[in-house]
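Chains A and B, in that order, are what the protein sequence lines are. Just so we're aligned, residue -3 is where the first sequence starts under our numbering, counting upward by one. Just so we're aligned, residue -3 is where the second sequence starts under our numbering, counting upward by one.
None of these hints come from the bench; they were simulated from the model.
Each pair may be met inside one copy or between any two copies, as identical chains are not told apart.
Derived DMTMM-like pairs: lysine to aspartate or glutamate, alpha-carbon spacing no greater than 20 Å straight-line:
id, residue 1, residue 2
1, Lys237, Asp277
2, Lys36, Asp315
3, Lys268, Asp258
4, Lys183, Asp74
5, Lys183, Asp67
6, Lys183, Asp64
7, Lys183, Glu60
8, Lys36, Asp416
9, Lys145, Asp292
10, Lys206, Asp22
There are 2 protein chains.
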Amino acid sequence: MSHSPALLTDLYELTMAASYFGRGMDRTATFDLFIRRLPKQRNFLVASGLEQALEYLGDLRFDEGSLDYLDSLEMFSDEFLAYLAGLRFTGDVWAMPEGEVAFGQEPLLSVTAPLIEAQIVESYLLNCLSSNTMVTSKAARVALASRGKAFVDFSLRRDHGGDAAMQAARASYIAGSAATSNVLAAKRYGIVPSGTMAHSYIMAFGDEEKAFRAFAQDFPDRAVLLIDTYDVEEGARKAAKVAIESRAAGNRVRGVRIDSGDLASLTTSVRKILDEAGLEDVAIFLSGDLDEYRIDQLLSDGVPADGFGVGTQLGTSGDAPSLGSAYKLVAYEGRPAIKLSTDKITLPCPKQVHRSFQDGTLDHDVISMRDEAMEGRPLLRQVMEEGRRVHRESLDDMRDRCSDRLASLPERLRSLRATDEPYEVRLSESITSVVQGLSGPRRR
Amino acid sequence: MSHSPALLTDLYELTMAASYFGRGMDRTATFDLFIRRLPKQRNFLVASGLEQALEYLGDLRFDEGSLDYLDSLEMFSDEFLAYLAGLRFTGDVWAMPEGEVAFGQEPLLSVTAPLIEAQIVESYLLNCLSSNTMVTSKAARVALASRGKAFVDFSLRRDHGGDAAMQAARASYIAGSAATSNVLAAKRYGIVPSGTMAHSYIMAFGDEEKAFRAFAQDFPDRAVLLIDTYDVEEGARKAAKVAIESRAAGNRVRGVRIDSGDLASLTTSVRKILDEAGLEDVAIFLSGDLDEYRIDQLLSDGVPADGFGVGTQLGTSGDAPSLGSAYKLVAYEGRPAIKLSTDKITLPCPKQVHRSFQDGTLDHDVISMRDEAMEGRPLLRQVMEEGRRVHRESLDDMRDRCSDRLASLPERLRSLRATDEPYEVRLSESITSVVQGLSGPRRR
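Put together the whole structure using the sequences plus the hints.
In structure tokens, the structure reads:
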């Protein structure tokens, strides 16, 4: 995101901050960012958005225009505005690395900082971690459904603005995509850009075969011909003709794409047309309102598709377009904090999550106190220390981690259907006893 | 959006453009951008995103970094890259003004330009118009459900990135919101910013009454006290005590906010507590997973709520998080173009939409040729001429238009439930005869 993001915050962060400032309430606070519970269509999440969150924290500045605007609201003292002018993020941050599999209640990120700093960053961190984790979790499902076949992010045109499109391409790459149609994302993230022609290309020529021939000549090693502008099987025969000409000229048509109609039956008949023309090496790519469910169905039915362009449903996480995220105060001035309203309990204290495996497969997680000795692999690591980043990794590291973790999921969680036996996330004895100690006297 | 947006495009726009360029195919083309059909949860749409689209078209430039990147792909000729370096948008644009009610198949925007220019802008225009129209249409439903009571955009933390949050605040304002929590959006768009405290504020004090008193002192004319951190009714009594103290000091607590629990029964009992304390002027604001359905239910049940903070569902259009948008070639070199694949027919020719009313209420629309003489109010207006903007209006103009149009909707379309009698959109005789003329010979 690139909108002077210090102001990309909810007003209440600033009114609370102003009140704390006036009262000298700026002791050390810890806030946890977590997803309360998984959407019912999700058996697991894949954490992401940390890189952007750390960039935001590192760059946090209220510039002059922002301060002038806040001054114009006549809500804030000159002293507070002067404080904001000098504000830098000086806290410690622990987080799950990107590409890690995560579950409900587990901190994705934990901020320990002077109260005012920790409060002001809430809105942006929630937006960033929630939306990135949402779309990476969706992309991981598409990756599982694709069973090693290529899937490509085609979501730009339907994402919720430009940032969402950048996030979707990056998330897809972490989850294992082969490419993205989004050129800017390809440039920024070093992803392979993908795309050849739209229906309008065929229509501008007014003649499908001429259009195919022209494109195959202009892109002699990478043409993928879109064959559903008029009749798909006729389109396939014309594409085959052009592919054979192309081969004779020492070039190669890489594939055809079908974007509408009954994809299962069309793919089968197009494969037959291509094979009968001796074009076993010409691939068939499918697109058009695909998601993990449709891809899974197509592959389960043995449809001979070689790759998938996935757009709207991937980029918007259409079946679960938000995550119930929270950023909650869990400690202030060294004492644990707890919120006990009717339906939303927050676990107190800075925490760690330990993961235990059985025969290489995820077995259960335990949420413990940060320094509590526990068995299992600790998932949260320190990523910022007194405002300095102490963690950087490449997108490929995240992608490798995601691939490894997806392979370690038990079958019931890898399923696209909601499991009736959710992954077990336990609380350690210490956390449990702190919750009981804090909640006892205040319960109704 | 602010990411050097010329590259925020699908790669296929550039491969097609390169092919057209090499072949000198750059005659005048017209593309229509439209929503194929409404999501089943929508009886109407509210057009928006035009201002951002026109800014994009006006600013379109491929900068040096973008050109270097494209060069590095080894797909494009030096001549084409030189052409891109000088590319400016020089076309004509017709569009529905923002805040106008729209339906499926109706062009929201229509571009007439040299083919290459018109093609390259596709991806961005689709992203921009689709996502803005999606969220404005959702916000209009929230406005209808709120029945004149205030609703406030609280969506920043759950939107899909920063652009989505800016769009959601702007869309909500067009649809009639009272305010936004998003400070940057408030600054950029001149919307009232709104917000006071989170649960963490109460928890940092560790004592609800002290926290309320502190906040009421620090913001003597605008405090809204959040009363659901622990027990809501106890919270209300403490808030009442502080409000009475505040009044005695010549100040005013504006309201309380309830963010969790059974909002209907809690609001009723909190209203009683406040009224019995003589605090009829202290308002009750509700938040917490609200959407138009819950607001409608609460108000239908007579719950004495004074306003609503609406976040996730508003900002993500949770029940319809995408629109099935298309950008289709409808004419090239003065001849109509048509696509006839199995399930997606495109209407040819540059068009106009005329709307007819019955007793001040929307009756039906007719999609006609651009210059066809028709009865009714034409909805598309020219907004750009040879690359120059010829249309600008304020957000308040758009908001007034939206308010007027929502008031003119027939009852069945204003309903939150899907109507079983969708709005009638007819095709003019001329359009119908062009479709028949073009589709006849090519049908299977």
